[in-house]
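Please put together the full structure from these sequences, using the hints given.
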Amino acid sequence: MARIIGGITTSHVPAIGRAIAKGLQQDPYWKPFFDAYAPVRQWLGEVKPDVAIVLYNDHGLNFFLDKMPTFAVGAAPEYRNADEGWGIPTLPAFQGDPALSWHLIEQLTGEEFDLTTCQEMKVDHAFTLPMALLWPDQKWPVRVVPVCINTVQAPLPSAARCLKLGQALERAVASWPGDERVLVLGTGGLSHQLDGERAGFINKDFDLRFMDSLVDSPAWATQYNTHQLVELAGTQGVELLMWLATRGALGSQVQELHRNYHIPISNTASGLMLLEPVA
Amino acid sequence: MTDHTEIPGTVIFDGAQAMKGYALNRMCYSFNDAANRQAFIADEDAYCAQYGLNTQQREAIRARNVLQLIAAGGNAYYLAKFAGIFGLDMQDIGAQQTGLTKAEFQAKLLAANDQPRRSI
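Going down the list, the protein sequences come from chains A and B.
In terms of numbering that gives the first Met the number 0, the first sequence is residues 0 to 278.
In terms of numbering that gives the first Met the number 0, the second sequence is residues 0 to 119.
Fair warning: there could be bad hints in the mix.
[Stated by the list, open to error] Coverage of chain B stretches by chain A, computed from C-beta distances (three or more under 8 angstroms per stretch; other residues unrestricted): (1) 7-21; (2) 36-45; (3) 63-73; (4) 86-92.
Keep in mind the hints are simulated off the structure, nothing from the lab.
On a predicted model such as this, the values are computed, not experimentally measured, just so you know.
C-beta atoms are modelled at their ideal positions from N, C-alpha and C, and glycine is treated no differently.
Below, the structure is given as structure tokens:
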């Protein structure tokens with residue numbers, strides 16, 4: 000039976016892509032950010048996942064406002080990156096796992112998550128850059144299943160709903176007859192706001208409290224509705240929904256193996272956590 | 000449309016904004032394609048007309064003014080593609096919206112490190 004071996008949550012910011020393209024990993028501005036991934040890469044080298052389920056939000060590469068799914072799951076043999084408007088180099092394609100994708104879709108739908116299924120799906124920086132942070136040689140050693148959660152257009156799914164999505168994902172993986180070792184990667188946040196006079200908003204206290212809660216009391220953030228989460232974490236900080244879904248997939252108890260919190264990367268309070276389920 | 004309290008300096012991109020900004024955001028979405036970015040630069044008036052921008056949206060595009068673009072229904076993620084045409088990054092955009100220089104905006108971000116922890 001397949002099982003989830005751990006969860007990684009990390010920020011995603013387009014500027015990371017520019018830094019990678021220009022080789023700025025050891026630049027003083029970027030070093031504290033990039034160096035924080037070394038312990039995670041070491042862990043990945045030890046646990047060797049076969050598959051990564053990547054929870055992320057699209058920023059207008061694959062989905063436009065003509066059709067905006069709340070939860071979309073990829074079921075493609077391959078996922079490609081593309082120009083998002085800035086003309087920076089795209090990353091190599093990712094190999095999918097359509098059979099596992101359809102199993103997850105069947106199981107999640109069976110648990111009343113009414114999904115959009117995608118046999119073609121472009122993946123944007125929220126998917127590609129965290130993968131490049133985990134595997135800088137960009138020779139992806141895992142097959143992937145993208146799970147996209149809408150944070151572009153309100154109404155957004157609630158924190159409680161995203162946590163439950165993760166919990167359903169864990170059960171779905173456990174019921175897959177293969178023996179795959181599955182990594183859950185959740186990308187987005189932490190606090191930041193790009194738009195409006197409130198641009199540049201960061202809430203360090205909330206971020207640290209939220210990171211703590213993922214270890215000991217994962218339902219903590221579900222006390223807030225998504226509007227309150229925007230107020231607390233910023234219009235884009237609400238991407239922390241991806242972290243909640245990731246945490247949901249890790250079971251009742253987790254062990255924190257690594258974390259980093261760094262202000263700022265671009266306009267974002269960047270966070271990183273590595274959590275392992277406690278059996 | 001919503002019974003939520005307003006968040007100062009923040010427009011929630013909901014159904015009302017999505018309807019209001021549809022043409023503008025659709026044009027910005029087209030800028031994923033380098034050829035479309037070139038077409039916009041080559042003939043801005045014609046490109047905006049092709050996407051059916053209303054007067055408010057056309058003026059906001061002409062002014063390169065992010066707050067005006069948001070007021071016209073623009074969504075931050077799509078507007079970022081418009082800003083990309085001019086080589087502007089998110090800190091340039093943040094500075095413009097907050098009336099700060101880029102250096103001042105960067106200092107404001109850094110200062111978040113000094114935010115105190117609060118007791119519950």
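Each hint tested on the structure:
1. Remark: the segment 7-21 of chain B is confirmed as covered by chain A, as 10 of its residues place a Cβ nearer than 8 angstroms to a Cβ of that chain, reaching the required three.
2. For the segment 36-45 of chain B, the stated coverage by chain A is violated: 1 residues have a C-beta nearer than 8 angstroms to a C-beta of that chain, whereas at least 3 were required.
3. Only residues whose beta carbon comes within less than 8 angstroms of a beta carbon in chain A count, and the segment 63-73 of chain B has 3; three or more means the coverage holds.
4. Coverage of the segment 86-92 of chain B by chain A holds. Counting CB-CB distances below 8 angstroms, 4 residues qualify, and the rule asks for three or more.
Consistency note: the structure conflicts with earlier hint 2 alone.
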